[in-house]
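Using the hints, position chain B against chain A.
Number of protein chains: 2
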Amino acid sequence: MYRTHTNGQLTANDINLEVTLSGWVQKIRNKGFIIWVDLRDRYGITQLIFNEESTPKEMMDRAAKLGREFVIQVTGTVIERESKNPNMPTGEIEILVSKLDILNEALTPPFTIEDATDGGEDLRMKYRYLDIRRNPVRENLIFRHKVTMAVRNYLSDKNFVEVETPYLIKSTPEGARDFVVPSRMNEGQFYALPQSPQTFKQLLMVGGMDKYFQIVKCFRDEDLRADRQPEFTQIDCEMAFVEQEDILNTFEGLTRHLLKEIHGVAPGNFPRMTYEEAMKRYGNDKPDIRFGMEFGELNAIAQHKDFNVFNSAELVVGIAVPEGNKYTRKEIDQLIDWIKRPQIGALGMVYVRCNEDGSFKSSVDKFYDQEDLARWAEATGASKGDLICVLSGDQNKVRGQLSALRMELAQRLGLRKSNEFAPLWVIDFPLLEWDEDTQRYHAMHHPFTSPKPGQMQLLESDPGAVKANAYDLVLNGNEIGGGSIRIHDKKTQAKMFDYLGFTPDEAKEQFGFLMDAFQFGAPPHGGIAFGLDRLVAILGGQETIRDFIAFPKNNAGRDVMIDAPAPLDQAQLNELGLRLDLK
Amino acid sequence: MYRTHTNGQLTANDINLEVTLSGWVQKIRNKGFIIWVDLRDRYGITQLIFNEESTPKEMMDRAAKLGREFVIQVTGTVIERESKNPNMPTGEIEILVSKLDILNEALTPPFTIEDATDGGEDLRMKYRYLDIRRNPVRENLIFRHKVTMAVRNYLSDKNFVEVETPYLIKSTPEGARDFVVPSRMNEGQFYALPQSPQTFKQLLMVGGMDKYFQIVKCFRDEDLRADRQPEFTQIDCEMAFVEQEDILNTFEGLTRHLLKEIHGVAPGNFPRMTYEEAMKRYGNDKPDIRFGMEFGELNAIAQHKDFNVFNSAELVVGIAVPEGNKYTRKEIDQLIDWIKRPQIGALGMVYVRCNEDGSFKSSVDKFYDQEDLARWAEATGASKGDLICVLSGDQNKVRGQLSALRMELAQRLGLRKSNEFAPLWVIDFPLLEWDEDTQRYHAMHHPFTSPKPGQMQLLESDPGAVKANAYDLVLNGNEIGGGSIRIHDKKTQAKMFDYLGFTPDEAKEQFGFLMDAFQFGAPPHGGIAFGLDRLVAILGGQETIRDFIAFPKNNAGRDVMIDAPAPLDQAQLNELGLRLDLK
Chain A
0 MYRTHTNGQL
10 TANDINLEVT
20 LSGWVQKIRN
30 KGFIIWVDLR
40 DRYGITQLIF
50 NEESTPKEMM
60 DRAAKLGREF
70 VIQVTGTVIE
80 RESKNPNMPT
90 GEIEILVSKL
100 DILNEALTPP
110 FTIEDATDGG
120 EDLRMKYRYL
130 DIRRNPVREN
140 LIFRHKVTMA
150 VRNYLSDKNF
160 VEVETPYLIK
170 STPEGARDFV
180 VPSRMNEGQF
190 YALPQSPQTF
200 KQLLMVGGMD
210 KYFQIVKCFR
220 DEDLRADRQP
230 EFTQIDCEMA
240 FVEQEDILNT
250 FEGLTRHLLK
260 EIHGVAPGNF
270 PRMTYEEAMK
280 RYGNDKPDIR
290 FGMEFGELNA
300 IAQHKDFNVF
310 NSAELVVGIA
320 VPEGNKYTRK
330 EIDQLIDWIK
340 RPQIGALGMV
350 YVRCNEDGSF
360 KSSVDKFYDQ
370 EDLARWAEAT
380 GASKGDLICV
390 LSGDQNKVRG
400 QLSALRMELA
410 QRLGLRKSNE
420 FAPLWVIDFP
430 LLEWDEDTQR
440 YHAMHHPFTS
450 PKPGQMQLLE
460 SDPGAVKANA
470 YDLVLNGNEI
480 GGGSIRIHDK
490 KTQAKMFDYL
500 GFTPDEAKEQ
510 FGFLMDAFQF
520 GAPPHGGIAF
530 GLDRLVAILG
540 GQETIRDFIA
550 FPKNNAGRDV
560 MIDAPAPLDQ
570 AQLNELGLRL
580 DLK
Chain B
0 MYRTHTNGQL
10 TANDINLEVT
20 LSGWVQKIRN
30 KGFIIWVDLR
40 DRYGITQLIF
50 NEESTPKEMM
60 DRAAKLGREF
70 VIQVTGTVIE
80 RESKNPNMPT
90 GEIEILVSKL
100 DILNEALTPP
110 FTIEDATDGG
120 EDLRMKYRYL
130 DIRRNPVREN
140 LIFRHKVTMA
150 VRNYLSDKNF
160 VEVETPYLIK
170 STPEGARDFV
180 VPSRMNEGQF
190 YALPQSPQTF
200 KQLLMVGGMD
210 KYFQIVKCFR
220 DEDLRADRQP
230 EFTQIDCEMA
240 FVEQEDILNT
250 FEGLTRHLLK
260 EIHGVAPGNF
270 PRMTYEEAMK
280 RYGNDKPDIR
290 FGMEFGELNA
300 IAQHKDFNVF
310 NSAELVVGIA
320 VPEGNKYTRK
330 EIDQLIDWIK
340 RPQIGALGMV
350 YVRCNEDGSF
360 KSSVDKFYDQ
370 EDLARWAEAT
380 GASKGDLICV
390 LSGDQNKVRG
400 QLSALRMELA
410 QRLGLRKSNE
420 FAPLWVIDFP
430 LLEWDEDTQR
440 YHAMHHPFTS
450 PKPGQMQLLE
460 SDPGAVKANA
470 YDLVLNGNEI
480 GGGSIRIHDK
490 KTQAKMFDYL
500 GFTPDEAKEQ
510 FGFLMDAFQF
520 GAPPHGGIAF
530 GLDRLVAILG
540 GQETIRDFIA
550 FPKNNAGRDV
560 MIDAPAPLDQ
570 AQLNELGLRL
580 DLK
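Same order as they appear, the protein sequences are chains A and B. Residue numbering for the first sequence is 0 to 582, as defined by numbering that gives the first Met the number 0. Residue numbering for the second sequence is 0 to 582, as defined by numbering that gives the first Met the number 0.
Keep in mind that the hints were calculated from the coordinates and are not lab data. Using N, Cα and C, we set each Cβ at its ideal position, and we do this for glycine too. Check before you lean on any hint, since a few could be wrong.
Stated by the list, open to error - The calculated lysine-lysine pairs, modelled on DSBU-like cross-linking and capped at a C-alpha distance of 35 Å, are:
(1) Lys125/B <-> Lys494/A
(2) Lys125/A <-> Lys451/B
(3) Lys582/B <-> Lys157/A
(4) Lys329/B <-> Lys216/A
(5) Lys582/A <-> Lys582/B
(6) Lys365/B <-> Lys329/B
Unchecked claim - A few chain A residues facing chain B, derived, Cβ under 7 Å:
(7) Gly7
(8) Val18
(9) Lys157
(10) Pro523
Next up, chain A with everything else stripped away, as it sits in the complex (with noise of 0.2 Å):
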């Protein structure tokens, strides 16, 4: 055996029990007649004594030559310490160690295993089993694994049954690229790795399965942006004989439960805002609801003025920055220059400072006086000492623009608190998104999700208009989770499927076992997806997925541990009758 405690588990109680103690050497103090050793585990620290007195000399020269991440073997006494450590659960004893073996030693590590390493973020990925040995990553992980467990337990409490669906399906052109997988036994055919199992989930609710959900890995070969990952997991969910609001009391109840076990906070009723409302009120349709700087809409107050700027601009909007009249002039052009940055966009922007005297400086005083800027102030909500930032031009684009400047603004203010939890539903989503590149357009949440009742007529009329049933759940300015009620009738389905752009042909080979299956007593049903990597950083407080992920890959799709992927033999390529045909 080689332990009879871990690292974590030793107490004042246990003064002169006989223990094995298993680990990593964390530190080593060398006083010459005295050696500390800091020995590490999972669980914590312990330390360990060698002395002179009572220490063999064979013994102390051993644990001399102990390095860094040694991995050894103890067996002592447990003694009272000294100099007593009141922070560390283990901090009153220490182990006279009357037994040494050396289990494995340890070349100096690229970089330090501590709290706050001195590695770089390349070096971390490659040595990606020494990073999981410092404390931050591995209870990254062990609270995600805490997290799921909670998941998993509240939902099977609740009567859903985890299914797993299959990972080697077919591959279907709608949505993001799908990673293929080259059949050998059905040579020159191919699977596809899933996107989400959302066709699998809806055959289970065809099924009766009535309530299901699955944690479970999809994949997107996409273009990598950062902190997105090619293989991602999700918490997938759906219920047959369902409405909007019963699935969104369900995961109301499942993101409560989360936050209350987790954090201990109960937030109260989930606000619900329609999209049209967060864009208008946001700028955003993920908006962060844990402060203010709410958008005021301009147009009727700061047009037909003789500022050209505003009055060509199809949205005039500003928001206020709390105590911003503090910034310095300086402060202020380079906040104009960052969201001029081309991420951004913004051509210019307008500012007004609100005095503390109650009077207004603005940008633009040549066109407006204080009686306009008051009314700005109004509909921003500006206090004095405050600053009116506005933006003009195409409303889409300048939406996002100054949704850009609020987050990033809270974010300077220490608006966005990470031990605050502001969950948000947001619904009555567009059906469908007017895509510039195809010019057609597409289906926002997925070509399943069913238009608001009464609505499918307005498909010829007035596409863009339609509303579907889909939901988002929106937590902290983040998408935690996302659904919709579904089409459950072949006939619907199919029309859905003709207007998206697919041939009557096209639809009945992608997705003619769906259509099949709604032809044999398909129940109405709805579901939603959580990203978990996301939800799991959220909840910790954090924003980068790849903490929260074991082996994450980088933004090039690569495993840099594994060196993955990599060539293959040309044996494995004529089995899989494949020849390579490079660009």
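Just chain B now, kept in the frame of chain A:
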């Protein structure tokens, strides 16, 4: 809201309650003036009643036109039934319907949605969503969910952390064939789908995770035998600072917990048997010990007579078939034909009838007298009324043949009771096995398995004799789990790769990251993996894993429901830099 209650919920306590129910039409009995409908959902069946007295004519007409598997919603009052059904939880009541809505019509299903269906295997696979509506299939999937929840909660309570390892990894030629995934972003390169998370779980141990588990899909591109799936699920576990004893105790605990939770049985300590002993006593490394019929080796007592078949054989071995003397000559001949089939491959069988009067009658009376046969009976444990079946020949072959016969006869005799559970550890597996095809030794478990202490030296002198720190958990004649204590130092691992025929470059290219990791302080570690599909089937008292998989593939690796795999667009192939090169 589609329902106030499910169809398994209402009882006599609810009489006079107004309720809304939804579900599928299971059955209709139309007496003209009264129509009864059985309404089904996952939770049960509730009887609906429409009758001329209280139901408007229009609704009677619509009820009369309902078909099997129509999806309907009804509102009505719970009333007492005239003819009660004590076998159903809802058997005392029925619903007098006041409102009927048809939510979805249904074509006549291609097979009956009943516990005993008239649908053949192929049809049920194609319409799997209808098969899942049948109670036995749905209950299997719910059973699987319960088993996985029990596993997760048990392991989590024992400080195991479920960590998700990646699915897009690197192809390695060891073991079975990998499924590969071409990378678009890294053209000409491929990921592989994991055959198991073996190296990642070992890296988690190097990373100090201490106790890891994961219920995870794994992939093997093998020519499929009956009841093998290209994707299958493992309960994958690993622990640091453990010896074999720790692993056996931990997972004996898990198995005991499952048997207790699911079947209320509490077997004693699991017996342990060496591989050698299992082969000698049962001819099999996964013996079913629910019944006896142990092997009796007869070389010493049956050779050196005039029967040359035995004299020239490496092994002469028999089993006693309980009450087998009842078999007619014809039945025994059929048994001989059975073991001569190519799948079994025996050349013949000698048998001895053990008569009730204590005498023996054998097929080799010319060579053996009553005294000889009495010694055979003693060696095989045969009693009066039994039949002794004796095979001879090459030791490995003959053990396999007699083991097959033992299992077949036990099945026919009803000795393999599905409600009886006899777990067993098989230990001390050989490290290596000889491969006739490649004319060299292969790792019996995998190349990361450690030899027993002090046996590494034997590798050169007597490789076949080296025992491994490897163990299997056997339940009712099935291997449900297997694992080993791993190598955890670079030198030994490099030596093992060398011995298994990897060049140093190959070893470095494929497993360099693991050997690098071993240099930075790898703890002693080991683990086990359970085949979940099989485990669930056996715990469910059944044999076929396919019955416990929601969407299984057929023996050609095809999903006949969605029709995958399928050809790929040329455009998709171009993006991947691939061309078909079919044989």
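Verification of the supplied hints:
no.	hint	verdict
1	Lys125/B <-> Lys494/A	25 Å, holds
2	Lys125/A <-> Lys451/B	32 Å, holds
3	Lys582/B <-> Lys157/A	53 Å, violated
4	Lys329/B <-> Lys216/A	57 Å, violated
5	Lys582/A <-> Lys582/B	24 Å, holds
6	Lys365/B <-> Lys329/B	21 Å, holds
7	Gly7	11 Å, violated
8	Val18	14 Å, violated
9	Lys157	13 Å, violated
10	Pro523	6 Å, holds
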